[in-house]
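**Student:** Based on the hints, put chain B in the right spot on chain A.
Just so you know, the protein sequences line up as chains A and B, in that order. Residues 1 to 389 in full-length UniProt numbering are what the first sequence spells out, letter by letter. Residues 1 to 386 in full-length UniProt numbering are what the second sequence spells out, letter by letter.
A partial selection of chain B residues facing chain A, derived with a Cβ cut-off under 7 angstroms:
hint	residue
1	Thr110
2	Arg294
3	Glu305
4	Asn308
5	Ser315
6	Thr324
7	Leu325
8	Gly327
Worth flagging that the hints you see were computed from the coordinates, not collected in a lab. Using N, Cα and C, we set each Cβ at its ideal position, and we do this for glycine too.
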Amino acid sequence: MDKTKKVSSKSTSGKPIRCRAAVARKAGEPLVIEEVIVAPPQTGEVRVKIICTSLCYSDVTFLNLKDPPACFPRILGHEAVGVIESVGEGVSEFVEGDMVIPTFMSECGECTDCKSKKSNLCSKFPFQISPWLHDGTSRFTDLKGETIHHFLFVSSFTEYTVLHVANVTKVDSAIPPNRACLLACGVSTGVGAAWKSANVEAGSTVAIFGLGSIGLAVAEGARLCGAAKIIGVDINPEKFETAKAFGVTDFVDSRSTGDKRVSQIIIEMTDGGADYCFECVGRAFLVEEAFASSRKGWGKTIVLGVDQPGSQLKFTSFDVLHLGKTISGSLFGGLKPKTDIQTLIKRYMDKELELDKFVTHEVGFEDINKAFDLLIGGKSLRCVIWMDK
Amino acid sequence: MGEKQDCSKTAGKPIRCRAAVARKSMEPLVIEEVIVAPPKAYEVRIKVLCTSLCYSDITFWKRNEPGFYPVILGHESVGVVESVGDGVDEFKEGDIVIPQWMAECKECETCTSNKTNICSKFPFSISTFSCRDETSRFTDLNGQTLNHFLYVSSFSEYTVVDIVHLTKLDFSIPPNKACLLSCGVSTGVGAAWRAADVESGSTVAIFGLGVIGFAVAEGSRLRGAKRIIGVDLNPEKFELGKKYGITDFIDVRKCKNKSVSEIINEMTDGGADYCFECAGSTDVMQDAFNSCRRGWGKTIVLGVEKPNQKLSLDSLVILHSGKTLIGSLFGGSKPKTDIPILAQSYMNKELQLDGFITHEMKLEDINKAFELLIQGKCLRCVMWMD
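Okay, chain A solo, but in the shape it has when bound (with noise of 0.2 angstroms):
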């Protein structure tokens, strides 16, 4: 470990510490830069400097919706790398220096689903849009000594923050932090998706609804999982050109299809149906659309967009009982941080898995606003924020 990124301890352990972070305020309105106080660690947490955090679409959509589980004055950013700057009471998995991903997925790595291997959601600390940590209260203040929520057990978007440690994974340093940082959401979630979730076979037909960094992770985890066809629907042409870096052979205009519908269309090019359909946007439509466009007999869909709460999907019970499909949903991938993101790290390093392709900007922490705006307008990927700079 480099000593000169070593965090000094001495100095702030055990110690609230004051540093910048980027606050959402007001639901629609640019994130403030401002100082904030980070309590000390408690039992069983530690706190991290941030070294880098991305923008997923799942920040800007907290940062937009005006109802709970909204919240504000909150800490959005869930993607990311850090150094372990100190440990809480009872710590032994992390010591300083460590480096960590924080992962919005709990990993308790007791409870009945972290032993099964047929589950990624621990029970112990359920998958929830928490304003807290785990006890039910924040470590963040304002200078005024109001309490900031947290976001996702993560809560990225500053210098320093405080997670319980079943939301951290130790990392090997060897991995860039602008790459490391990706693995803490989107890109695992994609990739796992295809090779977790779904189970892509060599030679399967995958189609992914949504071309967007999950979409575009899905085809890199099928890509690796030996897929023949990926065929990436969107409706956005501009988009296709990019895809096809990650895989992805074949492409679909939902909006030049004219009289046929998406599924028609899928259904002819893979003659019956794609053997795996990804929903990667967040719209009851189309993971309706994705069924029908799964193959008759083992069509599997995977639900990976988060659509508004209340939003419910409709299947006739004809094609439910006689088609032989399946559904199903995924978090992150259907991953278990704890075991699965360094298997992705060292297939990064050996050069299988490419991770490069999906960082599209980079940006300081002062100019954090920018990166919102990219995504919004559809004009990044990953848009990286380095806190350093």
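**Tutor:** Coordinates of chain B only, in the frame set by chain A:
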């Protein structure tokens, strides 16, 4: 079993025999004489030994689809080959065979895959014909065409079935047990075995304790499920269900303050590993989905609903719960391979079939069988042709 037919007298000629003809929706079937034409290419004419009534016969008899009547219903049966048409190598006169509505051509991509049982060369549909050449082999004494049903039409002393809809049994099994394997029991046992792949030690919840539900229980029991919860409106089903391995019961009518899924989630500390919907109702499908375990729970839909009824699932629940929904025809079983396996399992005294037969009667009493099943007073009524 294995009676020798004097088939040389009838081969190649039409046969005049008894059948129970459904002429109008919701009206009693009429026992009358019909003419059964000889088998065409790739077809087999079969002398039916016995046939059982399945709720799907009633479902279609209740619906008044245009062009459906008059029809020879029935799709659970066992018979003996009387004669074969051109191009048939797989079967010969005297073979014991089980016709089934699920086709298996054994050549197409799906038949050769072990991931599914849905033949793509002969996809399932509610056809009124014998199979490949869209004509019927049945006429009544006035010369009027009678429709086939589900490629089987077993409520007749003789029927004509395409070879892709026929399974041979190489060994002896009592006919009244054999006929159960052509639909209900194979669907249920198959669902636990093939579609769900229930593991030993699992918890299973079954919604709807008809023959399919009991067969799912029997299949789950054979797979080593630790706990099998039966859910039904009729408490009389519970005692019967114990025979099939059902360990716990939920009487739906007694669930006042809590929903069935809440009760199951409590009982199982988080939900069942596998939930099977065996009632044919989208509301029940939803209950079943809500009752399966977060993380890995699988819900398998077996029940036949009205075709356009919509099943509604919350999008975020799908995303966040790690649950899977699968539909399955014939329990995911491939007929030509799996029916003989189940028959052998019965002969080895593993698979229990006897309890499914609650009534035995003659073809003439078929309307009694309809009444019993509609009233929920029977499981399988087996009708013997002779």
